[in-house]
Amino acid sequence: MNIPSVKELVSAEEWQVRTDLAACYRLVAAHTGMLVIWFTTLIVNMRHMLYAATLLPYVAHLPARWRWLLGFLLTDETFAVVASYYQRNPNPPYGHWYFLGSGLAMYTNWQAWTLVGLLFGAVFPQLQSLGLDFAMVATFIAIVVPQLKRLPQLGAALAAGCFAYVLRGLPYKLGLLTAVFIGVAVGIVLTRGRKLEESRQEAAA
Amino acid sequence: MNGMNGMNGMNYSVMILGMAAVTVFVKAIMFILGDRVRFPPLLNLALSFVPVTVLTAIIVPMILAPHGKDMELDWHNPQLVASLVAVAVCLASRKQLLTIVAGLAMFFAWQMWMHV
Numbered sequence: 452m453n454i455p456s457v458k459e460l461v462s463a464e465e466w467q468v469r470t471d472l473a474a475c476y477r478l479v480a481a482h483t484g485m486l487v488i489w490f491t492t493l494i495v496n497m498r499h500m501l502y503a504a505t506l507l508p509y510v511a512h513l514p515a516r517w518r519w520l521l522g523f524l525l526t527d528e529t530f531a532v533v534a535s536y537y538q539r540n541p542n543p544p545y546g547h548w549y550f551l552g553s554g555l556a557m558y559t560n561w562q563a564w565t566l567v568g569l570l571f572g573a574v575f576p577q578l579q580s581l582g583l584d585f586a587m588v589a590t591f592i593a594i595v596v597p598q599l600k601r602l603p604q605l606g607a608a609l610a611a612g613c614f615a616y617v618l619r620g621l622p623y624k625l626g627l628l629t630a631v632f633i634g635v636a637v638g639i640v641l642t643r644g645r646k647l648e649e650s651r652q653e654a655a656a
Numbered sequence: 019m020n021g022m023n024g025m026n027g028m029n030y031s032v033m034i035l036g037m038a039a040v041t042v043f044v045k046a047i048m049f050i051l052g053d054r055v056r057f058p059p060l061l062n063l064a065l066s067f068v069p070v071t072v073l074t075a076i077i078v079p080m081i082l083a084p085h086g087k088d089m090e091l092d093w094h095n096p097q098l099v100a101s102l103v104a105v106a107v108c109l110a111s112r113k114q115l116l117t118i119v120a121g122l123a124m125f126f127a128w129q130m131w132m133h134v
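Protein chains in written order, with my numbering: chain Z, 452 to 656; chain H, 19 to 134.
If you're looking for bench data, these hints aren't it; they were derived computationally from the structure. Note that the coordinates shown come from a computational prediction; the quantities given were computed from them, not determined experimentally. Ideal Cβ placement from N, Cα and C applies to all residues, glycine included. Just to be clear, a hint being listed does not mean it is correct.
Said to hold, decoys possible - Straight-line alpha carbon distances no greater than 25 Å define the calculated SDA-like cross-link-like pairs of lysine to any residue that follow:
1) Z/Lys-600 x H/Trp-128
2) H/Lys-87 x H/Trp-128
3) H/Lys-87 x Z/Lys-600
4) H/Lys-87 x Z/Ile-494
To be verified - Partial list, derived from the structure: chain Z residues whose beta carbon lies under 10 Å from chain H:
5) Met-497
6) Tyr-502
7) Ala-503
8) Leu-520
9) Phe-523
10) Met-587
11) Gln-598
12) Leu-602
13) Cys-613
14) Leu-628
15) Phe-632
16) Ala-655
To be verified - FRET-style restraints, in silico, Cβ to Cβ:
17) Z/Asn-560 x H/Ala-106: 45 to 55 Å
18) Z/Cys-475 x H/His-94: 25 to 35 Å
19) Z/Gly-644 x H/Ser-31: 49 to 59 Å
20) H/Ala-123 x Z/Leu-570: 24 to 34 Å
21) Z/Ala-656 x H/Ala-38: 22 to 32 Å
With the rest of the complex left out, here is chain H (with noise of 0.2 Å):
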């Protein structure tokens, strides 16, 4: 950030509302715009893989590499039990807040018996 030695508290205020302005605009622009346009079939397929692929993405490096280094693929990593339980826990009960209870409560119990 050579560029910014120059900045000062004006600068940077200009700097974060720029920041903000661009942030609404790329979340909003497609709603916005988007009842002048009809997306294709093709289009529409594609849309309808992106939760499942976006969720996945966000919380796979999460799981696998929770210290954002190397894969931890072992029992050491509470991360990765916990997660296999909620999976297991969601399969079996199909019950989204008994998931979430079970998982947040594994990690936890977890983690504090490695750290014992």
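Next comes chain Z alone, as it looks inside the complex (with noise of 0.2 Å):
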């Protein structure tokens, strides 16, 4: 038996309006599918806007492109080597040139072994199993351990750690996020009960 399609059964105008709807559809379809990823995009890279209001006082005197570049050039190495720069140093003069060094240095290194990647890295299949990213967490270790001497800051550490740890099957870094928050949670009521201990100290003396 022969079905006749629905080409044959419609009008030309309804065969045209037809088409054009599946073509729109198509269309939608292709940028929802856009737009998701966008989204995404922006859930994943959420947490440089912690790191750039936490380094926002260093930066808010300088010209607008001056910010536009540093915000530009802002990853999380930059900001775990500026973060602790600003620390040590709290009024530099010239800190956004260091701030521009660390970013320039960080990117171009990046983007420079990507290509390498890129090109070459299927001639070492075993380069993943070699464990490189172990250099970021040494790094990191490096940066962090002298900045908890202090029990707020301890407790912080540990607080995010531990739910970082817990939380890290959450999809696109929330995970990471929500253990941020509750780390700093962690920080501001040691500090604050470190301070209420403090007045009482003095109250009774």
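Please assemble the complex out of the two chains, which come individually in their own frames, going by the hints.
Here it is in structure tokens:
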């Protein structure tokens, strides 16, 4: 039996409308996929807003083109280096040059090695099992450990580490973000508690 | 990604450019708008905890579950052993470069030894 196709059953005008609609659906579907990807990009990179808010007091006085540039160059690694630099030097006159140097070094290094991996990665199939990312772990340990002298910092880091581990299965780095918020809350509570304790001791003395 | 079936090369370029734009926006927007706002003291206190918490939160899962699955809390995990050494060296010496070099050396030595 010969089943007639839709095209044979409908008028030429209706067929035109149907094909136009189908094209529209495809377009919307493709763009919805794109919107989802852009939104995911936003969520995955959300922690950079925390980085920027933390470093803001040190760059707020700079001209806008400087702030765009430093924002563009802000990465996990540059934040690690620059935040610890500003902690050690609260008011450096040329701090933004330090920021720029770190950002440029990290950014070009990152791009260069990405290119090397793209071009020659297939030659070293074992590369992923070498654990080269441990360099980042060792560097962050060297940056974080000296900052844990005070109890609020230690408590905040312990809480953030525990929750980052427990929530590591969450998508879009949401586990990381949640862990940071919990760690920060613990740090605030410990700071407040310590201040209360001090004022009580003063009142008793 | 069912919706991506209709994508061609041009669309992928638009998608990647859009991702780049979103990323730069997320990173720079605070710096750009920030000179007009003044944070309350509590927010400043909160932000002072961002470096230690975020850096710790990034590395702890890499140390405890380096293969992204279950916890590997034993001596066969070179990430864990080398991290403990790095923390010890950092506490004892207070030298950043020494900490990094000692941690990396321990990591690769331990990994090689485990594979023998």
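These are the hints, each one checked on the structure:
no.: 1; hint: Z/Lys-600 x H/Trp-128; result: violated (29 Å)
no.: 2; hint: H/Lys-87 x H/Trp-128; result: holds (21 Å)
no.: 3; hint: H/Lys-87 x Z/Lys-600; result: violated (32 Å)
no.: 4; hint: H/Lys-87 x Z/Ile-494; result: holds (23 Å)
no.: 5; hint: Met-497; result: holds (7 Å)
no.: 6; hint: Tyr-502; result: holds (7 Å)
no.: 7; hint: Ala-503; result: holds (3 Å)
no.: 8; hint: Leu-520; result: holds (9 Å)
no.: 9; hint: Phe-523; result: holds (6 Å)
no.: 10; hint: Met-587; result: holds (7 Å)
no.: 11; hint: Gln-598; result: holds (5 Å)
no.: 12; hint: Leu-602; result: violated (12 Å)
no.: 13; hint: Cys-613; result: holds (8 Å)
no.: 14; hint: Leu-628; result: holds (9 Å)
no.: 15; hint: Phe-632; result: holds (9 Å)
no.: 16; hint: Ala-655; result: violated (25 Å)
no.: 17; hint: Z/Asn-560 x H/Ala-106: 45 to 55 Å; result: violated (28 Å)
no.: 18; hint: Z/Cys-475 x H/His-94: 25 to 35 Å; result: violated (57 Å)
no.: 19; hint: Z/Gly-644 x H/Ser-31: 49 to 59 Å; result: holds (53 Å)
no.: 20; hint: H/Ala-123 x Z/Leu-570: 24 to 34 Å; result: holds (29 Å)
no.: 21; hint: Z/Ala-656 x H/Ala-38: 22 to 32 Å; result: violated (59 Å)
The structure fails to meet hints 1, 3, 12, 16, 17, 18, 21 from the earlier list, while all remaining hints are met.
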